[in-house]
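Colleague: Residue numbers (the working numbering), protein chains in the order written: chain C, 1 to 207; chain F, 1 to 207; chain R, 1 to 207; chain H, 1 to 207; chain B, 1 to 207; chain L, 1 to 207; chain W, 1 to 207; chain Z, 1 to 207.
Hints are not guaranteed to be accurate.
Stated by the list, open to error - The following label-pair restraints were derived from C-beta to C-beta distances:
| id | chain 1 | residue 1 | chain 2 | residue 2 | range |
| --- | --- | --- | --- | --- | --- |
| 1 | H | Glu57 | Z | Pro51 | 51 to 59 Å |
| 2 | W | Phe118 | C | Asp70 | 33 to 41 Å |
| 3 | Z | Pro51 | F | Pro51 | 47 to 55 Å |
| 4 | W | Arg25 | H | Asp28 | 49 to 57 Å |
| 5 | C | Thr39 | B | Phe118 | 48 to 56 Å |
| 6 | R | His115 | F | Thr39 | 41 to 49 Å |
| 7 | F | Pro51 | Z | Gln24 | 35 to 43 Å |
To be verified - Anything over 10 Å on all C-beta distances counts as not near chain C; from chain F, calculated:
| id | residue |
| --- | --- |
| 8 | Glu17 |
| 9 | Gln21 |
| 10 | Ile22 |
| 11 | Met26 |
| 12 | Thr29 |
| 13 | Asn32 |
| 14 | Pro40 |
| 15 | Glu41 |
| 16 | Phe43 |
| 17 | His56 |
| 18 | Arg66 |
| 19 | Gln68 |
| 20 | Asp70 |
| 21 | Arg73 |
| 22 | Lys123 |
Claimed, not checked - Calculated from the model, a selection of chain W residues having no Cβ within reach of chain B, i.e. all distances over 12 Å:
| id | residue |
| --- | --- |
| 23 | Thr30 |
| 24 | Asn32 |
| 25 | Asp52 |
| 26 | Asn65 |
| 27 | Gly113 |
| 28 | Asp122 |
Calculated from the structure, these hints are not laboratory results.
Predicted, not measured: the structure shown is a model, and the values here were computed from it.
Glycine included, C-beta positions come from ideal geometry on N, C-alpha and C.
There are 8 protein chains.
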Amino acid sequence: LRQGFPEVIFCPGKTTEQIVQIAQRMADTTANVLATRTTPEVFAALSEVFPDAEYHELAKAVVVNRDQTDCGRGKVLVVAAGTADLPVAEEAALTVEVMGSRVERLYDVGVAGIHRLFDNHDKLMSANVLVVVAGMEGALASVVGGLVDKPIIAVPTSVGYGANFGGLSALLTMLNSCATGVSVVNIDNGFGGGYSAALINRVQLEE
Amino acid sequence: LRQGFPEVIFCPGKTTEQIVQIAQRMADTTANVLATRTTPEVFAALSEVFPDAEYHELAKAVVVNRDQTDCGRGKVLVVAAGTADLPVAEEAALTVEVMGSRVERLYDVGVAGIHRLFDNHDKLMSANVLVVVAGMEGALASVVGGLVDKPIIAVPTSVGYGANFGGLSALLTMLNSCATGVSVVNIDNGFGGGYSAALINRVQLEE
Amino acid sequence: LRQGFPEVIFCPGKTTEQIVQIAQRMADTTANVLATRTTPEVFAALSEVFPDAEYHELAKAVVVNRDQTDCGRGKVLVVAAGTADLPVAEEAALTVEVMGSRVERLYDVGVAGIHRLFDNHDKLMSANVLVVVAGMEGALASVVGGLVDKPIIAVPTSVGYGANFGGLSALLTMLNSCATGVSVVNIDNGFGGGYSAALINRVQLEE
Amino acid sequence: LRQGFPEVIFCPGKTTEQIVQIAQRMADTTANVLATRTTPEVFAALSEVFPDAEYHELAKAVVVNRDQTDCGRGKVLVVAAGTADLPVAEEAALTVEVMGSRVERLYDVGVAGIHRLFDNHDKLMSANVLVVVAGMEGALASVVGGLVDKPIIAVPTSVGYGANFGGLSALLTMLNSCATGVSVVNIDNGFGGGYSAALINRVQLEE
Amino acid sequence: LRQGFPEVIFCPGKTTEQIVQIAQRMADTTANVLATRTTPEVFAALSEVFPDAEYHELAKAVVVNRDQTDCGRGKVLVVAAGTADLPVAEEAALTVEVMGSRVERLYDVGVAGIHRLFDNHDKLMSANVLVVVAGMEGALASVVGGLVDKPIIAVPTSVGYGANFGGLSALLTMLNSCATGVSVVNIDNGFGGGYSAALINRVQLEE
Amino acid sequence: LRQGFPEVIFCPGKTTEQIVQIAQRMADTTANVLATRTTPEVFAALSEVFPDAEYHELAKAVVVNRDQTDCGRGKVLVVAAGTADLPVAEEAALTVEVMGSRVERLYDVGVAGIHRLFDNHDKLMSANVLVVVAGMEGALASVVGGLVDKPIIAVPTSVGYGANFGGLSALLTMLNSCATGVSVVNIDNGFGGGYSAALINRVQLEE
Amino acid sequence: LRQGFPEVIFCPGKTTEQIVQIAQRMADTTANVLATRTTPEVFAALSEVFPDAEYHELAKAVVVNRDQTDCGRGKVLVVAAGTADLPVAEEAALTVEVMGSRVERLYDVGVAGIHRLFDNHDKLMSANVLVVVAGMEGALASVVGGLVDKPIIAVPTSVGYGANFGGLSALLTMLNSCATGVSVVNIDNGFGGGYSAALINRVQLEE
Amino acid sequence: LRQGFPEVIFCPGKTTEQIVQIAQRMADTTANVLATRTTPEVFAALSEVFPDAEYHELAKAVVVNRDQTDCGRGKVLVVAAGTADLPVAEEAALTVEVMGSRVERLYDVGVAGIHRLFDNHDKLMSANVLVVVAGMEGALASVVGGLVDKPIIAVPTSVGYGANFGGLSALLTMLNSCATGVSVVNIDNGFGGGYSAALINRVQLEE
Ligand SMILES: Nc1ncnc2c1ncn2[C@@H]1O[C@H](COP(=O)(O)O)[C@@H](O)[C@H]1O
Ligand SMILES: Nc1ncnc2c1ncn2[C@@H]1O[C@H](COP(=O)(O)O)[C@@H](O)[C@H]1O
Ligand SMILES: Nc1ncnc2c1ncn2[C@@H]1O[C@H](COP(=O)(O)O)[C@@H](O)[C@H]1O
Ligand SMILES: Nc1ncnc2c1ncn2[C@@H]1O[C@H](COP(=O)(O)O)[C@@H](O)[C@H]1O
Ligand SMILES: [Mg+2]
Ligand SMILES: [Mg+2]
Ligand SMILES: [Mg+2]
Ligand SMILES: [Mg+2]
Ligand SMILES: [Mg+2]
Ligand SMILES: [Mg+2]
Ligand SMILES: [Mg+2]
Ligand SMILES: [Mg+2]
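Work out the full structure: start from the sequences and follow the hints.
Modeller: Structure, rendered in structure tokens:
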């Protein structure tokens, strides 16, 4: 196993039994554990293996965060557009934490009210890496990308309806961003966004 | 024919002969004429019917603008993101003019350099109706929509490549805009954007 | 906040708690409130904050309509094709009202029985702006667009099945309309259609 | 071979040699021949095999129409929306003729100017079967379908651009038509539309 | 109303109340009634208006079949590929009946066991019009189309999974059929298939 | 390198120089060579490296077939629907040959004239593995799959137009085939179809 | 019926009654039976017809495996990427068994931890035919295809979310595989993958 | 302008004149310049403004690389699957260089011959950030992602045909990658991949 990285369980499509089995295999060798897209029932079962596990309701994630060494250099900032994007944003933020990086949150700064975003200019500028989470048309990634000179991981969400086609709209927006320094992960993949951001923040110390 | 409206010829799929025939039928009853998506060859042929016709190279449009009465109330502002979007933006602007409305242009204000857009805050605020033209991820419509309280017609362009899928990316962005007051026309349809905008600007006097 | 505009809450993806919190923040500064895509449960909770709130079952909307000043110039006409399109049409009509414009309704005039539409020629002609709501193949927008010289906001609905692909069919129809003056909002976005229409109707007085 | 039916050659993807070979195999056993989507060069080569062949430039079709017996009962009416749809409409009309049915044409009756369609009410009513050819949003099929009680074969064309996606828009419109009695063939398939219509018109005598 | 045609109610998206209201409006002027995609509950309510209504469980249709005059010339044959296609096939067959045409059924003749289809050669040949219902890859329409010289209405069904994309696979197959005389209606639209077939069978007597 | 397998060069996206370089690297170690989707110019250049190379015009392939040992057990039959499918079918057949298997061809047996297919029943039954090549609706794979009990590799082609969407129609048909024993390769991938078939035919001797 | 082949019932879209009826028709003539995508309830009903039937919970399949003659030559190896792919993998494995071939399983060898795959090099090399089951990006098929010289049937699964679009991602990956010898069946079609593999393994003895 | 960043001109959709104008505006304030997707003609024109410009034929890029300060911490490794992916890979590599980072190249390591990739294990491990460029099924990103613990920017290319749908296949593969630490840019966007990678490599020194 890779030293200093958390173990991660993606729960959909697995029975509670299978999840507990996987967890037990991890129990000896691992400090931090993250189980994503899970339920209170799975949390209860995991608590038997990891008594110090915590359940984050909004993110639907179980976190065991034993090793809290700061492995990153700067801060990762998670930026989110609307209230309905928060579960994905929180999944990203928790992932950054179990990866051993400091995280800050900047929520509810969608482009329809762009002044709230600009009011937080300093927060944007002080981050080392940014995760930008947005659904509907996903324009936030381009606007933030135009403001900062740091790497941005854009996470499209499935928030929206109709011609949003389950997140396709925000995904295409982010892939076609006219701003530089923006790369993209799968729709609703808060975990992937947080993981890449923490990895970027982390290599800076490892070298 | 509807009083005070220009005659319009959409040229693709028509032979020069067919276009001239249509023009001749218009010659007596019409003041203003617009032929879109056309060529210098067609312009030459149309000049025989309308000696005062003009060819606009960037927009690939032929315009006969005899009746220059101001039929609108305020100004229509055509906003465009990048250099490659200008043909569509110009088609929109010319359409507004032959429809008898005053037009202003605000070009090269893509969201990757959002300060240029904000430097033109007054221009944005002084328009009665706006046409926003953008390709790639099309985020400009949402940002402008968040700033102004006037109706916006968003025109997605096919500018871009790859996962832009011929303009689909900008189209979906605009349809899913989190800003209010934004409605959308077909990809690259500068004519449609200008027409709707002029119509909106116009009814205000007619009532 | 923009003077004279209602506050709007889009409810999907928000808990009742979050909705009530947002409502409370609005309570002091706002006259009119619209909560869309909501439930009787949310209505009950909102009634504690706004005792004069009303629930519109068909539109699934909560409306607080305190300031009833007429901010528009003419009438907005909401035209709908079939019975199953009425929830979206009503969302549009209610939005027009809380935006302070007079609204008229013309329902059940789908193109399969086009004579019913023509029997209402006067109603169509007397509107200042039109919202056309249709699902299945969405042809109604083109037919109305061919009859009137006023701006039309077309709202495709997801009504239909099979190759309607959740409203894509009506959306594409409306975007490709051969009639002029038609612009389009997202599938099932009655709110967006009503908002744009009211905005168009409104600017005519503000200038 | 089926008695009384023309031989048909679909030319794309075949060399002139292959086309002539196929034609020669037909020469003895066949009265009527139709070669579609072809060129003047192929016509020249086919003329050697069939000296009485004719080339229809608009439809890009070669026709040998020896047996002109009327095999149908009533008339087939081919209705087309715009000038750019005529090649497909003519392919349909020629197909009806080589199938031995009488054909009438009603062109340039798109729904944006619906009065021209209604002015031809009698023509519409007197047809036994109708072929409706339209591109862009393809709404014509629904409007005609609402007016007549006869079978309609709808032919979507690829005329248009942007969100028309090569004819997909008109195809979906026609498949989702709210009018009854409308069935659909492939995009630009004038031949298929004419063939089905003639077949319908023909069985009425055969029984 | 058009003489001799049944009244049809498409039930999805309508409340029982709305359906009963529509039914009551029909009660006086109509002989035959068809309500499609409905439930036993709606049937119970409709029985109060039409005591002689019958519920067809497989097709989920309510039928009032008072006028049983034979309005067609020959027989309509409904051909279906697999067991799971029967609800759509039965909707088509019932529609043919309430339209006043004789109907025959040929079920369970999918192309994977093509000999069963060929064993019924006579039945195929004796039909005046055919409705071919198939899901999965929908190849049956092409095979039947190659065997008979009569008009075929192909009805793709959503039966299947994965890359069948809710019936898209069978729909595209049928639209691209290499057999002549095949036209297509919407996915799962048994009603539309039966209606067009009966209309074709019917005009033969009317002329 | 894997003993007894040909070297294959897929030419699109490579310069003649790059192709020749690759060929030269192969020259010593390889008996059989296949260059696909290539041109007479590339053939000329390759002839300098392999003087015994042959150019197959229909398949646009260069073949060096030195080792003609029969490595297969039975025959591979390549079945093709129409004339326009022959380039893909020939690419498949040549691939089978350079892989050291005997190949037979059965062309022009599309399902619209299904009797020609049945007239070749013995040929179908005598094959050990089959490659079925078809465009348009691709129904041939299902029909052949229903007749034989041997593995079938289905190759969809891009032959067709409109709603065939560049071969998507035939691809989906073949993936959804109701016949058993059918697996599928990429659109127009004659090489892949021939390779898999020869591999299947070959392992039978190797064990 | 084809000698030595099992009877298969695909259960979705069929009532328990219909399934039992089909089973009863098979009861006399058939040794092995497979019912896929079924439930414990259907199993209970089938047990009355086939008292020796077994229910495989993970695969949701009922199996009657009376004739256990080895009809294959070598082993079929079923390779699966992740835990969530196991239902499809097991459907494949059971199908191979009722087809009379020996099967081996190699599970949990996704490419993210590619060393586990390489640790099983001998198992991969000893198979006669391989079935590779993978969801998400489906890269496993290409990697295995690059390692072995045997035919591979790739089975994409719908495991994943977002831009996986119900299995489309893995399907396209497998169809575009740069490895040779890979052919593909429908998304989640474990049955089809196992059937083709067993057929390939089987013909080797029959010749 | 952002200190130490190159100026970039994306050339498609711009005339040579417009490009030269943009270049002249840059001439005074900028050290490094990159013009992408351009031609020898544009290079000739740019050489007048920047006499030290160089043209990179494979990447179709013009580079002015005056400031060669090493602004990065480690090396960026550009990994490419096949020969046809090299233009995109080279665009990425050149971008890394003008951004002031050291770049290494590892080409022709597609997963079909996975041993070549493993032979370069040390090169993979010694990179600080990786850009992985692949077309067809794009599986390379997942395999590399499984091997290294560094951030990966995946660049899908449009190399391929058929069901590759212009790069969609590789794009979806990369977005759905089961490996962690992979984020994605637009199809063929070598510039974007190189830019993000250099930014990641660079921030490590800036903090
Ligand atoms: N660039 C354009 N894009 C879309 N529609 C256009 C354009 N220019 C003109 N039109 C429309 O095409 C109509 C003329 O079509 P036609 O009768 O085919 O010449 C006009 O009335 C407009 O509605
Ligand atoms: N039915 C609706 N469809 C689309 N957008 C809506 C709808 N109702 C409200 N909105 C938009 O959602 C905004 C409120 O979003 P939120 O802040 O998430 O509640 C409003 O200002 C509108 O822009
Ligand atoms: N899981 C499955 N997925 C796809 N096809 C299946 C599956 N199981 C069985 N089949 C096919 O369905 C046929 C039986 O279909 P049916 O006659 O509708 O029961 C079998 O012969 C197989 O071709
Ligand atoms: N090959 C490329 N693909 C995508 N974007 C590019 C490419 N080259 C340059 N760009 C972007 O295009 C911007 C310049 O765009 P423009 O102002 O239109 O020249 C650069 O700052 C980059 O963000
Ligand atoms: Mg930036
Ligand atoms: Mg606004
Ligand atoms: Mg109009
Ligand atoms: Mg009708
Ligand atoms: Mg036929
Ligand atoms: Mg078979
Ligand atoms: Mg292989
Ligand atoms: Mg990794």
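Colleague: Now tell me, hint by hint, if it's right for this structure.
Modeller: Here's how the hints hold up against the structure:
no. : hint                             : in the structure
1   : Glu57(H) - Pro51(Z): 51 to 59 Å  : holds, 55 Å
2   : Phe118(W) - Asp70(C): 33 to 41 Å : holds, 35 Å
3   : Pro51(Z) - Pro51(F): 47 to 55 Å  : holds, 49 Å
4   : Arg25(W) - Asp28(H): 49 to 57 Å  : holds, 50 Å
5   : Thr39(C) - Phe118(B): 48 to 56 Å : holds, 54 Å
6   : His115(R) - Thr39(F): 41 to 49 Å : holds, 43 Å
7   : Pro51(F) - Gln24(Z): 35 to 43 Å  : holds, 39 Å
8   : Glu17                            : holds, 40 Å
9   : Gln21                            : holds, 39 Å
10  : Ile22                            : holds, 35 Å
11  : Met26                            : holds, 37 Å
12  : Thr29                            : holds, 40 Å
13  : Asn32                            : holds, 35 Å
14  : Pro40                            : holds, 32 Å
15  : Glu41                            : holds, 35 Å
16  : Phe43                            : holds, 33 Å
17  : His56                            : holds, 26 Å
18  : Arg66                            : holds, 40 Å
19  : Gln68                            : holds, 37 Å
20  : Asp70                            : holds, 33 Å
21  : Arg73                            : holds, 27 Å
22  : Lys123                           : holds, 17 Å
23  : Thr30                            : holds, 15 Å
24  : Asn32                            : holds, 18 Å
25  : Asp52                            : holds, 25 Å
26  : Asn65                            : holds, 23 Å
27  : Gly113                           : holds, 27 Å
28  : Asp122                           : holds, 33 Å
Violated hints for the displayed structure: none, as all numbered hints are satisfied.
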